[in-house]
Amino acid sequence: MAGLDELNVKEGVEEETVEAVKSLAGTYKYGWETEIEMEYAPKGVNPDIVRLISEKNDEPEWMTEWRLEAFARWEKLDEPSWALLNYPEIDFQDQYYYARPKSMEEKPKSLDEVDPKLLATYEKLGIPLKEQMILAGVEGAEDMPAEGRKVAVDAVFDSVSVGTTFQAELKKAGVIFCSISEAIKEHPELVKKYLGSVVPVSDNYYATLNSAVFSDGSFVYIPPNTRCPMELSTYFRINAENTGQFERTLIIADKGSYVSYLEGCTAPQRDTAQLHAAVVEIIIEEDAEVKYSTVQNWFPGDEEGKGGIYNFVTKRADCRGDRSKVMWTQVETGSAVTWKYPSCILRGAESQGEFYSIAITNNYQQADTGTKMVHLGRDTKSRIVSKGISAGKAQNTYRGLVSMHPKAKNSRNYTQCDSLLIGDKCGAHTVPYIEVKNNSSRVEHEATTSKVDEEQMFYCRQRGMDEEEAVALIVNGFAKEVLQALPMEFAMEAQQLVAISLEGSVG
Amino acid sequence: MLKINNLHVKLEEEDKQILKGVDLEVPAGKVHAIMGPNGSGKSTLSYVLSGRDGYEVTAGDATLDGEELLDMEPEERAAAGLFLAFQYPVEIPGVGNMTFLRTAVNAQRKARGEEEMSAADFLKFIRAKAKDLKIDADMLKRPVNVGFSGGEKKRNEILQMAMLEPKMCILDETDSGLDVDAMKLVSEGVNALRDEGRAFLVITHYQRLLDHIKPDVVHIMAAGRIVKSGGPELALEVENNGYADILAEIDA
Chain A
1 MAGLDELNVK EGVEEETVEA VKSLAGTYKY GWETEIEMEY APKGVNPDIV RLISEKNDEP
61 EWMTEWRLEA FARWEKLDEP SWALLNYPEI DFQDQYYYAR PKSMEEKPKS LDEVDPKLLA
121 TYEKLGIPLK EQMILAGVEG AEDMPAEGRK VAVDAVFDSV SVGTTFQAEL KKAGVIFCSI
181 SEAIKEHPEL VKKYLGSVVP VSDNYYATLN SAVFSDGSFV YIPPNTRCPM ELSTYFRINA
241 ENTGQFERTL IIADKGSYVS YLEGCTAPQR DTAQLHAAVV EIIIEEDAEV KYSTVQNWFP
301 GDEEGKGGIY NFVTKRADCR GDRSKVMWTQ VETGSAVTWK YPSCILRGAE SQGEFYSIAI
361 TNNYQQADTG TKMVHLGRDT KSRIVSKGIS AGKAQNTYRG LVSMHPKAKN SRNYTQCDSL
421 LIGDKCGAHT VPYIEVKNNS SRVEHEATTS KVDEEQMFYC RQRGMDEEEA VALIVNGFAK
481 EVLQALPMEF AMEAQQLVAI SLEGSVG
Chain B
1 MLKINNLHVK LEEEDKQILK GVDLEVPAGK VHAIMGPNGS GKSTLSYVLS GRDGYEVTAG
61 DATLDGEELL DMEPEERAAA GLFLAFQYPV EIPGVGNMTF LRTAVNAQRK ARGEEEMSAA
121 DFLKFIRAKA KDLKIDADML KRPVNVGFSG GEKKRNEILQ MAMLEPKMCI LDETDSGLDV
181 DAMKLVSEGV NALRDEGRAF LVITHYQRLL DHIKPDVVHI MAAGRIVKSG GPELALEVEN
241 NGYADILAEI DA
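Chains A and B supply the protein sequences, listed in that same order.
Residues in the first sequence are numbered from 1 upward in steps of one, following our numbering.
Residues in the second sequence are numbered from 1 upward in steps of one, following our numbering.
There's no promise every hint is true.
Said to hold, decoys possible - Only pairs whose alpha carbons sit at most 20 Å apart, straight line, appear in this in silico SDA-like list of lysine to any residue:
| no. | chain 1 | residue 1 | chain 2 | residue 2 |
| --- | --- | --- | --- | --- |
| 1 | A | K451 | B | K141 |
| 2 | B | K110 | A | E468 |
| 3 | B | K141 | A | K291 |
| 4 | B | K153 | A | E455 |
| 5 | A | K480 | B | D53 |
| 6 | A | K451 | B | K16 |
| 7 | A | K172 | A | P88 |
| 8 | B | K16 | B | R52 |
| 9 | A | K291 | A | E468 |
| 10 | B | K141 | A | M488 |
As the list claims (entries may be wrong) - Not everything, but these chain A residues come out facing chain B in the computed CB check (under 10 Å):
| no. | residue |
| --- | --- |
| 11 | D254 |
| 12 | K255 |
| 13 | G256 |
| 14 | Y258 |
| 15 | F458 |
| 16 | C460 |
| 17 | L473 |
| 18 | I474 |
| 19 | A479 |
| 20 | E481 |
Since the hints were derived computationally from the structure, they do not count as laboratory data.
Glycine included, every Cβ here is placed at the ideal spot set by N, Cα and C.
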């Protein structure tokens, strides 16, 4: 009966989730604001602000120049309008591009020097900055290793990284995990070599802006033949009002290495929209593998569509080496507007890219998200599984590109794109772009659209579940393939988020 | 246990009266069967009692242990002890059968203010019940009713009934789509649940199910009303002569 026992752990987890969901009263759990004295740069963006950000981070000259070039380029660009998104024009001069807690003016040397209020903020978010993350309360936990699982965390609060945990242990393995501002100072040779090499400064409007004004973010380097001893995690939080968050993440997995990286995001509840434009670059060398998981829960705006985060994100992984591998998993439940296409450049022979996505939109949320799989090398493989869920008056678009270049002989892609509608005022759209420029490659695309069925709802309710429990169960079932791709702690959190973000979508 | 008084029901969307004054009382410990021709309102009765959308009660009421049933939400009726074994069990892709059942069991327990069943107890309980119904580990793991054969679906309904331990069990055409062996398994499952504190309402088109699940009382339903009630012999009469004779007798 080993099968049943193993199953029980999983069943237990899901049960926990329903439990946790029921105990959560508010609709947006992370919508509080931390009262911390902030230091702001003046509103708006210009070369002086760019210089100021660079100076505040104590950056070398080459970095300042890099930023200024990006800014000059950005000024000549127009905001793209091809996405199926509808939002009021963003006044890029009406944003703060730099905000940081005053207590951070002198960078703390260890977590002990961090403002306790900040740490309390992270505690509220449920992030164990100091402690090991133990899978408390999970049924079957006795089968887990006794010491629990370790996750190293880098926390970014508004514009500034406030602390990275487990530094010493990571150092022993040769892993570098720090804020990008620190990396620019401490590891300039790596930053110079890789920054902008996957997402060039000229890539797109938001990425170019990010290149000019990014204030912090995370940096990871995994040395050759090293399996990162723990999962790495970054938590982003936008706290200050009218502040844009522009973080920059750079991950380098050297030959034969492996790392699993988690990213979580929250922001307080506000009436006015806030801007978020991040760039994530991943470089993967020969035989290396990177798993990048995101649970994005920025404030989605209220039920009338007021406020929320405008989320314009450029994420790209470059599988440079042969047999390198990347897996993107994203659970997008937050943000008023999401514009995000985590992509894979499959350059090395036999390299592999995978993209698993759940995008949930409720009320007036809009999401235009998907991926790009660019097959350049021979025998490359990619797989896309996208689950879009729309409720309320939300619009959800999957947009994906699969491109097989002439040299990408014998390459394969499989795309599965499912949409689920709750109610009759929401929309789901699928926009696949497929280019095949050789005759030995194969591309498959499957798409379905379905509705949460009244029969299913009644069946669940007849067995005793209330409407919200029933919807959560059905939607979690719909998204199961993607949830399974997440690391366990994230899978639990994601299941809760699925339930929370669909509250009020029925009845 | 279950008392139905003068129940009148029409379709919500159109002006069509389906139930035209149903009176029925099923005491605890008893098995009542309802037979009747197609379109007589048998399934509608089961849906109205369990609270499915799409029906409007125009007169009458129904109580479960004295509690007004028709005012409650479907999940409240379930927690109060009402169970419907569906004629067409619904598929829920991606949701494991066990997850579904545990969520249901604990939702009901919580609604009744009882403690949730621990994982270990649940597992022990479901294994025992599943074994009786010849439901293997694989079937417990698979998504609810997805890819199940007709017989598997019905056995799964009885498994749910056994796990939820309801007071009032309504079986809607549970025999439809079953071969002889499956019918035997399902009937044994139902008979094992017969108990002094539990009542059954078995809705069926054919007498054969009643060979396995012996009813105390048989009702004949026609045109939205119960037109004749009697002992098990009434079912045999239907089997031998069809409904026509009984209906003619009533019309006359």
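Verification of the hints:
no.	hint	verdict
1	A:K451 / B:K141	24 Å, violated
2	B:K110 / A:E468	15 Å, holds
3	B:K141 / A:K291	28 Å, violated
4	B:K153 / A:E455	15 Å, holds
5	A:K480 / B:D53	28 Å, violated
6	A:K451 / B:K16	28 Å, violated
7	A:K172 / A:P88	49 Å, violated
8	B:K16 / B:R52	17 Å, holds
9	A:K291 / A:E468	32 Å, violated
10	B:K141 / A:M488	19 Å, holds
11	D254	38 Å, violated
12	K255	38 Å, violated
13	G256	36 Å, violated
14	Y258	29 Å, violated
15	F458	5 Å, holds
16	C460	8 Å, holds
17	L473	6 Å, holds
18	I474	6 Å, holds
19	A479	7 Å, holds
20	E481	8 Å, holds
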